[in-house]
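Participant: Next come the chains, spelled out residue by residue.
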Amino acid sequence: MKVHEYQAKAILAEFGVAVPRSRAASTPAEARAAAAELGGRVVVKAQVHAGGRGKAGGVKLVNTPEEAEAFAKGLLGTRLVTHQTGPEGALVPMVLVEEALSVARELYISILVDSVSKTNVIMASEAGGMEIEEVAAATPEKILKEWVDPLMGYQASIGRALAYGMHLDGGLIRQAADLIEGLYRAFIARDCSIVEVNPLVVTEDGRLLAADAKINFDDNAMYRQKAVAALRDTTQEDPLEVEATTTGVNNYIKLSGNIGCVVNGAGLAMATLDTISLFGGAAANFLDIGTVNNVDRVISAMRILTKDPDVKAIYFNIFGGMARVDVIAQGLVDSYKQLDVKVPLVTRLTGNGLEEGRRILAENGIAVIEASDMADGARKAVAAAAGR
Amino acid sequence: MKVHEYQAKAILAEFGVAVPRSRAASTPAEARAAAAELGGRVVVKAQVHAGGRGKAGGVKLVNTPEEAEAFAKGLLGTRLVTHQTGPEGALVPMVLVEEALSVARELYISILVDSVSKTNVIMASEAGGMEIEEVAAATPEKILKEWVDPLMGYQASIGRALAYGMHLDGGLIRQAADLIEGLYRAFIARDCSIVEVNPLVVTEDGRLLAADAKINFDDNAMYRQKAVAALRDTTQEDPLEVEATTTGVNNYIKLSGNIGCVVNGAGLAMATLDTISLFGGAAANFLDIGTVNNVDRVISAMRILTKDPDVKAIYFNIFGGMARVDVIAQGLVDSYKQLDVKVPLVTRLTGNGLEEGRRILAENGIAVIEASDMADGARKAVAAAAGR
Amino acid sequence: MSILLNRNTRLLVQGITGAEGSNHARLCKAFGTNIVGGVTPGRAGQEVDGIPVFNTVDQAVAATQANASIIFVPAPFATDAIYEAVEAGLKLVVCITDGLPTWEMVKVKRYISGKDVVLIGPNCPGIISPPEKAKAGIMPASSFMPGKLGLVSRSGTLLYEAAAQMTAAGIGQSTAVGIGGDPVVGTDFVDILKRFNDDPDVEAIALIGEIGGVAEQEAAEYVKANVRKPMCAFIAGASAPPGRRMGHAGAIISGDSATADSKLKALSAAGAAVTRNPAEIGKVMAELLASRS
Amino acid sequence: MSILLNRNTRLLVQGITGAEGSNHARLCKAFGTNIVGGVTPGRAGQEVDGIPVFNTVDQAVAATQANASIIFVPAPFATDAIYEAVEAGLKLVVCITDGLPTWEMVKVKRYISGKDVVLIGPNCPGIISPPEKAKAGIMPASSFMPGKLGLVSRSGTLLYEAAAQMTAAGIGQSTAVGIGGDPVVGTDFVDILKRFNDDPDVEAIALIGEIGGVAEQEAAEYVKANVRKPMCAFIAGASAPPGRRMGHAGAIISGDSATADSKLKALSAAGAAVTRNPAEIGKVMAELLASRS
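Chains as they are written, first to last, in the numbering used here: chain B, 168 to 555; chain U, 168 to 555; chain Y, 2 to 294; chain L, 2 to 294.
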């Protein structure tokens, strides 16, 4: 789960992380008032769940409250297109009005789980303000890494090592160590999957501030992070993806092809997409229906697929294990009763509950294009979507 | 560091531990008001830093606020003598007025560091209400132990294992698990060295309550437990021990003999007491003067010893290491200037700074009975204390 | 004839009275697994399909001498269930439960490090050993048959898929392990590959990976240095768009090394026969075995 | 000629710019110890007695190839100092600092378990190896002389006391270790006894224990099963009243096994010559050696 920059900064500030003075505004008038309160000269930043806002015209340094209001007016309620949003762009529901900083240096800090050591790693770099992937590619030696033992937790020497490694000195060492400790405490306490501060700014007057902040949260931990979960902004997500999560279809991702897929298991779902791709087709979505204990989730999945105008054929690839084929079949039957399914349905069914599932489909007269294996299913789905 | 029962219960309650309803009272009138508020039928308990209050007459079940007041009046400001206080007893500065419980069962729970596994252990027993040492001696199989991995912290299965092990059932399992988790969280968060609930009571109406509670704290952690440190009640300590801690002589313990000892190092200090004992004497105190960086601590130690009317001779056993003999010697010189030292002084000095130390003592005309080794010193101290 | 699990394994089912726990306890037992007990707090004295239920793992171990467990408890209780199993001295713990916060597994991974226990999962289908008639997992037994193949997969359903293809091609399995799709799992590919490589009864190995993480690259390094048995591999997610999460939290492409392509190349360079078609895993293995014999 | 420490040890001093750190850095160096650097954050570029100071242990290791450290930082910072040293890959860490909360050491003990590092202390006098002219500690060097005795003590000053008696009796020391008086220390008696027992250059062993805890009982068990070298022992605190804390938090008599008497009996039964007189430790050892030769 993602949150807006203003929400991320509020969370980090709770843990003592130094952030610029700022106010979030949802109307141009609020933006003007915020700018006035902050002294007039401010940065106004579009709040969207995507990077690349600056190049896309979503961030502006202004000198007066009136300019702040005007810029906010041009952003709020519009859709901002960045290189991360896709052509449809992302709705701007809020702007962040923030004190303008006199920037002496731009640094970088992030925290995430290291896939090699399987523990939390804090990365820092003197090359702030650019994408860390670019830094990693061009000057990997500029990326410092410190791992945190999960037993010992954060230790002050970790922050010091990174601070000295970024060639800070004097009072900035202590500021950096405190800031990094705050980031780490937030990372643990709020079950983050990534905390990224880029840039981390050293101001001309010797302050160290998280000038931008990005937090993603571990979806699996939201059951114990109710306050975080409440920050979800569904305007920033694909409407079908929102519907999926609200109807229990947790692993749905909208893609750009035309074959709607329903698969049980994430790995099999990915492999299904791969097979479709091998046969020259493209999936309209990724959908792992998971462990199906009742038919409702099948109906929810079918409802989403029938709402997607891109879908020209539906492909069910089910290997019955914890999920049973007969439950899937009953769900399909009920879906055809409740929904107006207009596109052809290809099924590749096997595993637990197969015989019963086949019987249910046949008895209820559901017209399916049966496939013998997952390659056959992909081939038939590609053909069906092409109208062949 | 120790605290009173009422303070221990307040700390545990912060962590969700179920305790009886109660009010602490420092005057008989407060005790009466508290009893009235709690319904009249209450237990009034003397608050002293010692066990064995019940047998010593410090605890009474009363039926009316007036009885509570009368009992409190007889206790407050007096000294209660229990088997743990010594003959001088302990001042009763407060009483705890507590709801009377209908007790169905008495259990036992404690948390401390296990000296074998070097990790925290939670002990539980169905044989509550008696000293755990007696249970350990008589029926060791009735003591359950669960160790807590410091990395994983408390896990619910630990409390369940203890709860089922004590043959609780139904809703008491959950109550016990919650209570034990609360105890553990308090143990860690407040840097306790022991948390003991004895008895842990199951009431006739199915509640599980910490009917008594004892907490000792890790003195080494008091720098980060300011709120706990503020609970210290010096009325419960030997006045000389209080003076010792307030003047930087942290490891002073009053004993029953007549040879005042000043030693550097806890092990050497214990060995010094052992040697005195071998020669038929008895130490008036244990005193580890630690690492002496200035003469003031020597003067403070000497002041305590000269205030102790039991002390008939003083024995300095110093092996200069981190502590230097010359600093000790200068401290002795200053002590003789500032204090009225009437008893003979035996010194056994060796190690770092020895020559300089001897010179300082000689130049200042301090009359010492020099000893060649620690046995010689003990022998001479025993003789000096006996007036020989 | 198998790794980790065999006919002598004495298996507990943690969460046995739940819907999934009771269902799969029955299925595992029906397959032949030596299930000696189940654990659900408050349910001691009950039975599930003739299997006695205990309140705690300790009590179950005391009564049954169990040495392994399979966990079906909900995610918020799974860390505790793993802890309880490990503290009770079980040597094999299979955690089927999905949805554990990553931080929980970071701690658990550190916790079991150096201990004499193998944790499989979480978010995994478990283990099956057809020759031993032993299953600590949720895989459909009908897709498997006894043989000499060692099969390991991050994905559950792809494990079944690959096994079914192998079985259809006449290639039986010695042990099949689903290690789980989460970013941090108890046992990684390398741990399982070592066991397969060291087991003289395993004559061939199949590995089913996914995009994201570095487990397949680590596996490739190990294979290159150590494995001389015939081996095939497939990596799911070649067609996944970068940066999106495909169900398994581990499957985010966060750099070049995490792509299906780089993983396949690494495994191929290590000597494995690789395929980009998940429908042909069995065929590739069969051809490889035929070419070797 | 020694355990843990020798003339090739490359020692760092953490907290070298403090009063104790700088003083003992000088004394250790004067004894002959190969001190290669010191660490105090913010003091990089300075020198203490010619020893270069670094901001972090990592930087010091990179510049000096240090492989050991001695810690003098105040108690609130000692856990971090130990962590920094261990993470930097040092193989020997000696923590002189006293006053660490027990919970910190419970965590540290678990943390270093299984790692390739030896932590001595905290609240200890450190290690000295007279034949190697190496000292990572605060003991007065004049009390020690080279020889073949392995000496280990919980108490610092009793270590000096015992060493001085040995030296006076002509019994030189190979290595002397003060393991520290806290309830939880990095290295216990048994760890040191094993090293002494395995070192062919150690011909005799002296152990100085205290009341409280079970370290001496564990030592006795090990000695009984393994040690055939001449050994003597003293336990401080025979005259201590039960239940009072005698300076060392570990020295609370909490049961029969924690008394001086039971510890002496256990060590005696294990074959050690024991004495109840701390002034006669050297004499007892000398008599034992004389009776053996």
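Hints are supplied without guarantee of correctness; some may be wrong.
Going by beta-carbon spacing under 7 Å, a handful of chain U positions derived as facing chain L [to be verified]:
no., residue
1, Leu445
2, Phe486
3, Asp540
Keep in mind that the hints were calculated from the coordinates and are not lab data.
Every residue, glycine too, gets a C-beta built ideally from N, C-alpha and C.
Participant: Decide, hint by hint, whether the structure agrees.
Facilitator: Hints versus structure:
Interface hint at Leu445/U: satisfied, since its Cβ lies 6 Å from the closest Cβ of chain L, which is below the 7 Å cut-off. Of the supplied interface hints, the one on Phe486/U holds, with its beta-carbon coming within about 5 Å of a beta-carbon of chain L, less than 7 Å. With a cut of 7 Å, the hint placing Asp540/U at the interface with chain L holds, because the nearest CB-to-CB distance is about 5 Å.
Figure legend: structure checked against the earlier numbered hints; every hint is met.
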